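Take the given structure of chain H and dock chain E with the ligand to it, following the hints.
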Amino acid sequence: MTPPRLLAAVLAGKAAGTASRLVGQGGGTTLPGLVASRIEPRTLALLAERLTAGSVLITGTNGKTTTSRLIASLLQGLPARVVANRAGANLVTGHTSAVLAGAGLTGRFRADWGVFEVDEATLPSAVAELKPRAVVVGNLFRDQLDRYGELEMLALTIERGLEALPEGATAVLNADDPRTAEIGYRLGERRGRLKILWYGLDDPAVAISELPHAADARTCPRCGSRLDFRQVYVGHDGDYTCPTGDFGRPERDLSATSVQLDGLDGVRFTVGGVQVGAALGGLYNAYNLLGAFATGTALGLKPGYMVERLGEVPAAFGRQERFLHQGRRFTLMLAKNPAGFNEILREAERLGGGRHFLLGLNDRIADGRDVSWIWDVDFELLGGDCAAETLIATGVRAYDLALRLKYAGLKATVEVDLNRALDRLLEAVPAGAEGFILCTYTAMLDVRALLVRRGSLRPYWRT
Amino acid sequence: MSASGQRLTIGWLYSDLMNIYGDRGNIQTLVQRARWRGVEVRVLELGKGASEGIEAVDVFFFGGGQDKEQELVYDDLLETKAIRLANAMQRGAAFLAVCGGYQLLGHYYQTAQGERLPGIGLLDVRTVAGGQRCIGDVVIESDPGLGLQPRTLVGFENHSGRTYLGEGVRPLGRVRRGNGNNGEDGSEGAVSGNIFGTYLHGSLLPKNPHLTDLILSRALNRELDPLDDSLELAAHNWIKDRELSGSRRA
Ligand SMILES: [Zn+2]
Numbered sequence: 001m002t003p004p005r006l007l008a009a010v011l012a013g014k015a016a017g018t019a020s021r022l023v024g025q026g027g028g029t030t031l032p033g034l035v036a037s038r039i040e041p042r043t044l045a046l047l048a049e050r051l052t053a054g055s056v057l058i059t060g061t062n063g064k065t066t067t068s069r070l071i072a073s074l075l076q077g078l079p080a081r082v083v084a085n086r087a088g089a090n091l092v093t094g095h096t097s098a099v100l101a102g103a104g105l106t107g108r109f110r111a112d113w114g115v116f117e118v119d120e121a122t123l124p125s126a127v128a129e130l131k132p133r134a135v136v137v138g139n140l141f142r143d144q145l146d147r148y149g150e151l152e153m154l155a156l157t158i159e160r161g162l163e164a165l166p167e168g169a170t171a172v173l174n175a176d177d178p179r180t181a182e183i184g185y186r187l188g189e190r191r192g193r194l195k196i197l198w199y200g201l202d203d204p205a206v207a208i209s210e211l212p213h214a215a216d217a218r219t220c221p222r223c224g225s226r227l228d229f230r231q232v233y234v235g236h237d238g239d240y241t242c243p244t245g246d247f248g249r250p251e252r253d254l255s256a257t258s259v260q261l262d263g264l265d266g267v268r269f270t271v272g273g274v275q276v277g278a279a280l281g282g283l284y285n286a287y288n289l290l291g292a293f294a295t296g297t298a299l300g301l302k303p304g305y306m307v308e309r310l311g312e313v314p315a316a317f318g319r320q321e322r323f324l325h326q327g328r329r330f331t332l333m334l335a336k337n338p339a340g341f342n343e344i345l346r347e348a349e350r351l352g353g354g355r356h357f358l359l360g361l362n363d364r365i366a367d368g369r370d371v372s373w374i375w376d377v378d379f380e381l382l383g384g385d386c387a388a389e390t391l392i393a394t395g396v397r398a399y400d401l402a403l404r405l406k407y408a409g410l411k412a413t414v415e416v417d418l419n420r421a422l423d424r425l426l427e428a429v430p431a432g433a434e435g436f437i438l439c440t441y442t443a444m445l446d447v448r449a450l451l452v453r454r455g456s457l458r459p460y461w462r463t
Numbered sequence: 001m002s003a004s005g006q007r008l009t010i011g012w013l014y015s016d017l018m019n020i021y022g023d024r025g026n027i028q029t030l031v032q033r034a035r036w037r038g039v040e041v042r043v044l045e046l047g048k049g050a051s052e053g054i055e056a057v058d059v060f061f062f063g064g065g066q067d068k069e070q071e072l073v074y075d076d077l078l079e080t081k082a083i084r085l086a087n088a089m090q091r092g093a094a095f096l097a098v099c100g101g102y103q104l105l106g107h108y109y110q111t112a113q114g115e116r117l118p119g120i121g122l123l124d125v126r127t128v129a130g131g132q133r134c135i136g137d138v139v140i141e142s143d144p145g146l147g148l149q150p151r152t153l154v155g156f157e158n159h160s161g162r163t164y165l166g167e168g169v170r171p172l173g174r175v176r177r178g179n180g181n182n183g184e185d186g187s188e189g190a191v192s193g194n195i196f197g198t199y200l201h202g203s204l205l206p207k208n209p210h211l212t213d214l215i216l217s218r219a220l221n222r223e224l225d226p227l228d229d230s231l232e233l234a235a236h237n238w239i240k241d242r243e244l245s246g247s248r249r250a
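Protein chains in written order, with the working numbering: chain H, 1 to 463; chain E, 1 to 250.
In isolation and in its complexed conformation, chain H is listed as follows (with noise of 0.2 Å):
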């Protein structure tokens, strides 16, 4: 039996969510939470409390919406009725509106496994409302700083979050994070009765040679120094130790090993024993593939199993597209801080073939009012082996990004306006070569909605 105001709740917020999607307003992502949580605060919680299996909760700074995909798309095919929330809406809003999805217009729930990807600030009330079984924090670089307040900040937030998780709850931790590995260690000294599972990379070929100018991390939680690394592979995430011996990289319990890198088409690595791999580029998606692997593991999914299934798994939206647009070859990925930029301008420069480039830049809330970032981007790799030909600069602060690559030696075309940039952009690239656009989150909404409405792209809350 549906309690009156929970169904009241649940009926406004399915018809908001009709409703934005008629006039499209963008899939109702976020609005259908926003109205059922004003006619009932705990639709959240009164509906998870419905989920037959569970829900698993995703953190870090980079990577959620990948990781979330592929962990939603291991339990789909179990098979089970998974409510997932897609589309980077990760508000507690958008996993209202995510849940109100499941729901029959009875308020009857038909759904098995929620997962979430949560704002690490949120991550504390995101667990008290969905008690979940499985939380995974991938990696903690700096961003949106103007948002939440600073990274150390951060960590205590989370570990404050995991901390509350019930009993028999699985924390799956990036033990190559030198935050999340802390955050870990804190839980493990005070917790007995939480299970950790780390997770790691270990293979020194795929890694590169020094710390790029954004890793903050840098330092040890502890006391301070400046951390030892053996191997770096994304950001400030490797291996690593402290000088003065008090901290260091945690024991894997699921190591990577033999990664193999296929551009921006695949990766794979063995681990467990078994190769698992899937069609996204990018050493920061082994990470991804690992959190997920990781997590599988820990709600007792079989490793052939979860092989063949991630082996099948698409790219998530806007982090990583691609596009045919007159026989050329255009890939679409979000950039949103230093760490994420440097690994795809150092993905695009081991291709060889980036050379167009449109770069996007917003300071809406959701891209982070600051920009003081751009400065911390090794943009420098765009005047190297990459030697972009095109570099379009656009977005509401397109004038700061050209003024970034000018003083990185490279000359961008300002276009604030993102129609007429992807114009420009779309002409420049010659037959035969491919185009690649980076942008902040509210900027890569936007050059989506154009792609959709020049027909290149489906609609999201279709994919």
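It is worth saying that the hints were derived from the structure and are not from the lab. Check each hint, because a few of them may be wrong.
Derived DSS-like pairs (lysine-lysine); straight-line CA-CA distance at most 27 Å [unchecked claim]: (1) H:Lys195 x H:Lys302; (2) H:Lys406 x E:Lys240; (3) H:Lys411 x E:Lys240; (4) H:Lys302 x H:Lys131; (5) H:Lys131 x H:Lys195.
Remember, it's a predicted structure, so these values are computed and weren't measured experimentally.
Frame of chain H; chain E with the ligand shown alone:
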């Protein structure tokens, strides 16, 4: 030896720990704008325990850090740097200190518990821990005594400390948009001789080429040839116009 035969040494204080909010952009701007004038530039990173070469530094940059990192440099600043930095000030070296670095150049920082952590006192300013963080874009009208053209400076602030100026300094400017030093008296930053302190990052120097050149000319002790700053000023004006017209979108 470069064409002009001149050298510039930039001393970057705690480049590893006090490097948040794109402070690297300030260094890059100093470096490039000096090189474009044919000056040979060297960047000396002055981390914990390092003091070698401080005597040769022409301009110091001291950025902001997270609270924890600020604590980590604190003892080292007082023990191995303070006296050498005071000597550098005496001989006319230029300083640019942003946010946390600005606070540490003052007399003290008073914590929420009332404890006073002494700074190195190169600037006559005092900072008191505040409640709500001041976060957002800032536009200021620079102090007329600096003779900057255009008059405005733009940046982004993110601080909870409230800084109050003493008799021995002039403000860097008056706030037209944002909070500035303390959100009360309309002042932003502090200047005394060749020492510049401010809460503005963003990064500060790239979009304020006139301020960069003022600091460089003080450090090099000479006039500088003008450069083509059309892109710098386009970025400056874009944010200035938006903030002063209040047309920002969420
Ligand atoms: Zn240590």
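Evaluated hints:
{"no.": "1", "hint": "H:Lys195 x H:Lys302", "in the structure": "holds (19 Å)"}
{"no.": "2", "hint": "H:Lys406 x E:Lys240", "in the structure": "holds (20 Å)"}
{"no.": "3", "hint": "H:Lys411 x E:Lys240", "in the structure": "holds (23 Å)"}
{"no.": "4", "hint": "H:Lys302 x H:Lys131", "in the structure": "holds (24 Å)"}
{"no.": "5", "hint": "H:Lys131 x H:Lys195", "in the structure": "holds (15 Å)"}
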